[in-house]
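Peer 1: Heads up: the protein sequence lines correspond to chains A and B, in order.
Going left to right, the first sequence walks through residues 994 to 1250 as the numbering used here numbers them.
Going left to right, the second sequence walks through residues 74 to 340 as the numbering used here numbers them.
Just to be clear, a hint being listed does not mean it is correct.
Calculated pairs, SDA-like style, for lysine to any residue (alpha carbon to alpha carbon, straight line, at most 20 Å) [unchecked claim]:
#1 Lys199/B x Arg1033/A
#2 Lys158/B x Cys1025/A
#3 Lys158/B x Tyr1133/A
#4 Lys158/B x Leu1022/A
#5 Lys166/B x Val1230/A
#6 Lys158/B x Leu1097/A
#7 Lys158/B x Gly143/B
#8 Lys322/B x Val310/B
#9 Lys198/B x Pro1029/A
#10 Lys85/B x Ile145/B
#11 Lys158/B x Ser1023/A
#12 Lys166/B x Lys199/B
#13 Lys198/B x Leu1035/A
Here are the computed distance ranges between Cβ atoms for each label pair [unchecked claim]:
#14 His328/B x Gly1019/A: 29 to 37 Å
#15 Ile1016/A x Ile259/B: 15 to 23 Å
#16 Gln270/B x Val1020/A: 37 to 45 Å
#17 Arg1037/A x Lys95/B: 39 to 47 Å
#18 Glu312/B x Ile1016/A: 26 to 34 Å
#19 Ala1173/A x Ser179/B: 29 to 37 Å
#20 Met335/B x Gly1019/A: 52 to 60 Å
#21 Gly1222/A x Asp194/B: 49 to 57 Å
#22 Thr1244/A x Phe222/B: 23 to 31 Å
In short, the hints are calculated from the structure, not lab data.
Think of the CB as a built atom: it goes at the ideal place given N, C-alpha and C, for glycine as much as any other residue.
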Amino acid sequence: MGFIQLIGRTFLAFLAAVGRLAIFTGVALSHCVRPPFYGRNLLRQMVEIGYYSLPVVGLTAIFTGMVLTLQTHTGFARFQAESVIPQVVVVSITRELGPVLAGLMVAGRIGAAMAAEIGTMRVTEQIDALTTLATNPFKYLIAPRLVAGVICLPILVLIADIIGVFGGYLIGTYKLDFSAGAYLQNARAFLEPMDVISGLVKAAVFGFLIALMGCYHGYNSQGGAQGVGAATTNAVVSASILILSFNYVITELFFAR
Amino acid sequence: MNQEKAADGQGKTPKIRLRGVKKSFGDNHVLRGIDLDIGEGESIVVIGGSGTGKSVLLKCILGLLRPDEGLIEVDGEDVSRLRGKDLERMRRKFGMLFQNAALFDSLPVWENVAFGLIEGDRMNKKEAHKIALQKLAAVGLDEEVAGLFPAELSGGMKKRVGLARAIATNPEIVFFDEPTTGLDPIMGDVINDLIVQIVHDLGASALSITHDMASARKIAHRITMLYQGRLIWSGTVAEIDTTDNAYVKQFIHGHAEGPIAMPVLRP
Ligand SMILES: Nc1ncnc2c1ncn2[C@@H]1O[C@H](COP(=O)(O)OP(=O)(O)OP(=O)(O)O)[C@@H](O)[C@H]1O
Ligand SMILES: [Mg+2]
């Protein structure tokens, strides 16, 4: 009896959590489209998410491109199919590794920062102060972050794609004896617009999820420093899991066509 | 302060009206039925022991906490029914000094003070800056401080910036949660004078919380005491010295012995 009760209680708690998140998301989205808009906050978040994430996303991309080329070579050399390495690398990066790895890196960087900043504002009553100054925290804090996430992640991923392919090109030409022209030729010839577009769609969704998790956990944090710490961890973990699961869902949707 | 002004408020709809307001956190029944009227231009001070729910009371009125039961009206409007634009319009009437100042640490001091002007009233920055400097000067902070960030201020300075922010938009109703705590006696008195002046000059209604009886005597038309979730006593400044309410007497004289037992363990 006790065991079944426990299952039931856990399940109900889970449903309640999903409901809370759904309401939060709905309210946040409604504030994204209704004025007033805080352009200065949006710009600041775009700089924070887009510009300052460039180094870490760029480094991730270049090493991924390099490793991917080496590993693909290891596999494909076994049945003399080295010539398709550029295609495999390019498709893997634009469809999968670019968005997912950039998403995970940004989740660690930005999701954590958002949860910590908004969480601290919550526990030090700054959010209450915002409310008493007739400024809606959803409009002032959360909407700019969500919009910035959706705008910036595709741009970051596009850059990551280019850098990743360049990493592959470096290894391909310097280490694997591809001629520069042939590598690029092969890479370009088989690349379809949908490869890149599906990656960018993923990126936009991931950007939304990262910002949503950062804001949601920060906004609902309670207690003191410990609460903010927990919110930060939860934001990064939940954003990462959501990225991986939505990655599957979106791939499935694009794959079906 | 003179009593005529306080008397003005009677008869008309009170600025703020509370009836049977209750608020609990789990088993902790903090407010157990609060009735309170604040007239227009009236300054009320709430006294009461630490942890009795004074800050919670202010937050309930502002709508930051939702009371479990009871009615809260501002200018005759039921606050719990207001949504969206109406709620914002109601909030615009208020200025609030939080107990811990709650300054925005990502903004410099002057932008903190000017926040309500820039974001709420859509004033241009230059003009808002000018007003912010005036308000800061009124709490004894100069232009140099205006450019600092909250993390660079002392506790008392933060409190004064919070006060300047609360009054920047010339609100109709001001709430001060312990305005003089953490200030030296001289600055404390300057702040008392400022509060008196705000109530007097702007005709604002004020609800303040304080443990500082000198401050209470100076800024209040009426003092009321919160104990065990109810307002157990209410009277004018003159009455507080002549009352024979044992709780009030113990509180204002700060005696450890009396009907209010502090739950501490004596070694
Ligand atoms: N957000 C909250 N969650 C749970 N309990 C709370 C919360 N806020 C306040 N309380 C509880 O409500 C009670 C009253 O708190 P409040 O901050 O109003 O005290 P106070 O009268 O302002 O005290 P002080 O003079 O020390 O500031 C306390 O017992 C506190 O534990
Ligand atoms: Mg308090």
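Peer 1: All the hints need checking, so say for each whether the structure fits it.
Peer 2: Evaluation of the provided hints:
1. Proposed proximity of lysine 199/B and arginine 1033/A is supported: the alpha carbons are some 16 Å apart, at most 20 Å.
2. Proximity of lysine 158/B to cysteine 1025/A is assessed by CA-CA distance (about 16 Å); at most 20 Å being required, the pair is judged to hold.
3. As the CA atoms of lysine 158/B and tyrosine 1133/A are separated by approximately 16 Å, the hinted pair is consistent with the 20 Å bound.
4. A distance of roughly 18 Å separates the Cα atoms of lysine 158/B and leucine 1022/A; the hinted pair therefore holds under the 20 Å criterion.
5. At roughly 42 Å between alpha-carbon atoms, lysine 166/B and valine 1230/A are farther apart than 20 Å, so this suggested pair is violated.
6. Of the supplied pair hints, the one linking lysine 158/B and leucine 1097/A is violated, its CA atoms being roughly 39 Å apart against a limit of 20 Å.
7. Taking the CA atoms of lysine 158/B and glycine 143/B, the gap is about 23 Å. The hint is violated against a cut of 20 Å.
8. Of the pairs offered as hints, the one joining lysine 322/B and valine 310/B holds, with about 13 Å between alpha carbons and a cut-off of 20 Å not exceeded.
9. Using a Cα cut-off of 20 Å, the hinted pair lysine 198/B and proline 1029/A holds, with the two alpha carbons roughly 17 Å apart.
10. Straight-line distance between C-alpha atoms of lysine 85/B and isoleucine 145/B comes to about 17 Å, which keeps the hinted pair within the 20 Å bound.
11. For the suggested pair lysine 158/B and serine 1023/A, the alpha carbons sit about 15 Å apart, so the restraint of at most 20 Å is met.
12. Among the hinted pairs, lysine 166/B with lysine 199/B is inconsistent with the structure: their alpha-carbon atoms are about 23 Å apart, more than 20 Å.
13. Between the alpha carbons of lysine 198/B and leucine 1035/A the distance comes to roughly 18 Å, so the proposed pair stays at or under 20 Å and holds.
14. A hinted range of 29 to 37 Å for the beta carbons of histidine 328/B and glycine 1019/A is inconsistent with their spacing of about 55 Å.
15. Look at isoleucine 1016/A against isoleucine 259/B: about 50 Å separates their beta carbons, and that is not inside 15 to 23 Å.
16. Range check, glutamine 270/B to valine 1020/A: Cβ separation about 40 Å, and the 37 to 45 Å hint holds.
17. Arginine 1037/A and lysine 95/B have their C-beta atoms about 42 Å apart, which keeps the hinted 39 to 47 Å range intact.
18. For glutamate 312/B and isoleucine 1016/A, the Cβ-Cβ distance of about 49 Å falls outside the hinted range of 26 to 34 Å, so the restraint is violated.
19. As the Cβ distance of alanine 1173/A to serine 179/B is approximately 48 Å, the hint placing it in 29 to 37 Å is violated.
20. One distance hint, 52 to 60 Å for the beta-carbon pair methionine 335/B and glycine 1019/A, is violated here, with the actual separation near 47 Å.
21. For glycine 1222/A paired with aspartate 194/B, a C-beta distance near 37 Å fails the hint of 49 to 57 Å.
22. For the hinted restraint 23 to 31 Å between threonine 1244/A and phenylalanine 222/B, the CB-CB distance of approximately 45 Å leaves it violated.
The structure fails hints 5, 6, 7, 12, 14, 15, 18, 19, 20, 21, 22 (numbered hints given earlier, in ascending order).
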